[in-house]
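Protein chains: 2
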Amino acid sequence: MARLNDHYLKLAAGYLFPEISRRMNAFSEANPGADIIKLGIGDVVLPLAPTIRQAMHEAIDELATPEGFRGYGPSEGYDFLRETIARNDYVDRGVRIEPDEIHVSDGSKCDSANIQEIFASDATVAVTDPVYPVYVDTNVMAGRTGEADETGRYAGLEYLPCTRENGFLPALPERPVDMVYLCSPNNPTGVVTPRDELRKWVDWARANGSIILFDAAYERFITEDLPHSIFEIDGARECAIEFRSFSKTAGFTGIRCAYIVIPKELEGRDSRGGSVSVAQLWSRRTNTKFNGVSYPVQRAAEAVYSEAGRKEVQANIDYYMTNARLILDGLAKTGLTTFGGVNAPYVWLKTPNGLDSWQFFDQLLEKAHVVGTPGSGFGAHGEGYFRLSAFGLREKVEEAIERISSSLG
Amino acid sequence: MARLNDHYLKLAAGYLFPEISRRMNAFSEANPGADIIKLGIGDVVLPLAPTIRQAMHEAIDELATPEGFRGYGPSEGYDFLRETIARNDYVDRGVRIEPDEIHVSDGSKCDSANIQEIFASDATVAVTDPVYPVYVDTNVMAGRTGEADETGRYAGLEYLPCTRENGFLPALPERPVDMVYLCSPNNPTGVVTPRDELRKWVDWARANGSIILFDAAYERFITEDLPHSIFEIDGARECAIEFRSFSKTAGFTGIRCAYIVIPKELEGRDSRGGSVSVAQLWSRRTNTKFNGVSYPVQRAAEAVYSEAGRKEVQANIDYYMTNARLILDGLAKTGLTTFGGVNAPYVWLKTPNGLDSWQFFDQLLEKAHVVGTPGSGFGAHGEGYFRLSAFGLREKVEEAIERISSSLG
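So the protein sequences, as listed, match chains A and B.
The first sequence begins at 27 in my numbering and counts up one residue at a time.
The second sequence begins at 27 in my numbering and counts up one residue at a time.
Bound-form chain A, shown alone (with noise of 0.2 angstroms):
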């Protein structure tokens, strides 16, 4: 039989989400009057804004003429798109980044699992602890790690404690490593790197010569003065890639786009030790893997910058915003301990009572029929912690805090 990428095999047979689907499937089953409230994925729930929908429109009655059809674009995006990125997310925001520094796709997941294929096959990762399982999942499937132990941490990466004492901002790693994932605003937690941290990180990796791959998918959600980008620290443009997505910023996750930002500045070695352009191996790896976004959907993403679009986009980011307020302060009174949720619209809560993670979700389901996420399945150290998404129908919120309240009252 044909030999496999056995790989593969290491990872954890139940996947956090599934797991999570398992036992609330199981629950409506036995109860099947209950009204269950999820605040578990972090998907949206606000319609598309009109602005995205009548450019949507326009671009498809514009491949349905002659004149206006469109086959094949180009696999890294189209100019009209990466120019509009570059100026709007950059250049007016005082950071340079160049049109051809960016590089559009059909979602951050997909950029922030496929980004390790560019690095050497015994590349050393450092991930922090709790993290978003994609950045470690991807490494384990291409071989860059052992097995896992009981606690679900694979040999040979480097784990970075994200703890309440340490106020959820990882150490630096004890050793080089070629990679390092940061996430800011971050998954799970909803704490922001602030900028003389994101400077630390800057120094240590150009003086390691590692890579910095920084998600800021959730940047949009920033309402304080904390930095949106990488980009904003003198130097990351030779030490660091960043990714940012349409998804939760503009009600993207069933249209699908996102993008990757690379300097021309960045630079790794191959095995003889010389100099290799990072964004080079990158266009290679696009222009052989994929094929480009959806055109509809790049003339969805250029409409979320024009004036309509951006108010429009801008008041559903403040009505998730509201809710993640809503959230903490009705956790607040419930005596519960919560991080995030000011910048990020995920809340991170300290479950009581000594419970576990998934203790507390059985507990909420059961009593509440409100369902958040483990913290453990994010890490070792997400033990003892619960995600909840301010991803909601106002009403839904309020009644499941509502709910979570008197249940632990």
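Mixed in with the good hints, there may be bad ones.
For identical chains, the list gives no copy identity; a pair is met inside one copy or between any two copies.
[Stated by the list, open to error] Under the rule of at most 20 angstroms between Cα atoms (straight-line distance), these lysine to any residue pairs were calculated in the SDA-like manner:
hint	residue 1	residue 2
1	393	179
2	36	148
3	337	159
4	36	143
5	36	299
In short, the hints are calculated from the structure, not lab data.
Keep in mind it's a predicted model, so treat the numbers as computed, not measured.
Given the coordinates of chain A, work out where chain B should sit on it, guided by the hints.
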């Protein structure tokens, strides 16, 4: 500096299509008045069919309402599409395929590029020569080959020559391999593998524990009684994966939708010799690295199977296949020897007067202002051949044939 994947550096620097563009642009600059007709890259030109346009409009309007909004969809495609595909493309044609064996994606290039990831890192690979370059390049990038020799062949890959002598139907590999890529109707030769040949392949694969990666992206262009799917052959469910695409069939090169079929019976083995389900690994890959195809695009693909959609799409296919017939007839009159073009939108021709592929490319560009694809770009056995695509507007195709005839006359 961070260590990168230097297998990428083995890839030939001058990729085929960029080199074509380079020569075309140089010619345009030197001859500003020249009206170049492109029959090179196989990209569709007819506008999006009305029924497909309508389905996309409706899906977008649905997303713009509170009750119709959908966020993340299932990574492997919505049931409505998987069921429609299984029924129309397989069950109604007498082939047993179930909806959950259909995995929806954003393109066959992506699928045929990504599939190698679920094989062992040292899995052995056979490809035809000439070949669609993605099959080769992605295995080079994954480190399954050595360096390329002067003809562009990579050490460690088994190449199966497709020549005029064997009717462009490759012999079976001389040694067992873990995976073999077959493409039928073939890009670039336009030849379809007949039933008895496919039968040989299936028997061989089962006897040798190989998996056939069967690219049927052009099956809708078959006009004669030839197999559209490898699953028409008994036993293929135990040894094959099939790739299908909406790109050429329904004008989706810019819209992006395709699918792959993995039968439940298909198994490979892990390094300890245990059986592993191929579909299970692919699902794990998809769920970890992909977030599904844009919802309006999936509704567009569904519309391809409606009564009206089917007629519109067939009319476009007929249009392109009439182009192919015109090219075949026109070239025959010039005395050129041609292949393909009857069951595929590609005509494969022998270059005249002992010209090599690039010499003929230059001659055609200079004398006829027509661009095609040099056969040598598809592999060493493509040398001395040339590909013309039938994807063009009728008047352009007719003009191109006339110009080619006069330039050779």
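Out of the numbered hints, which ones does the structure contradict? 1, 3
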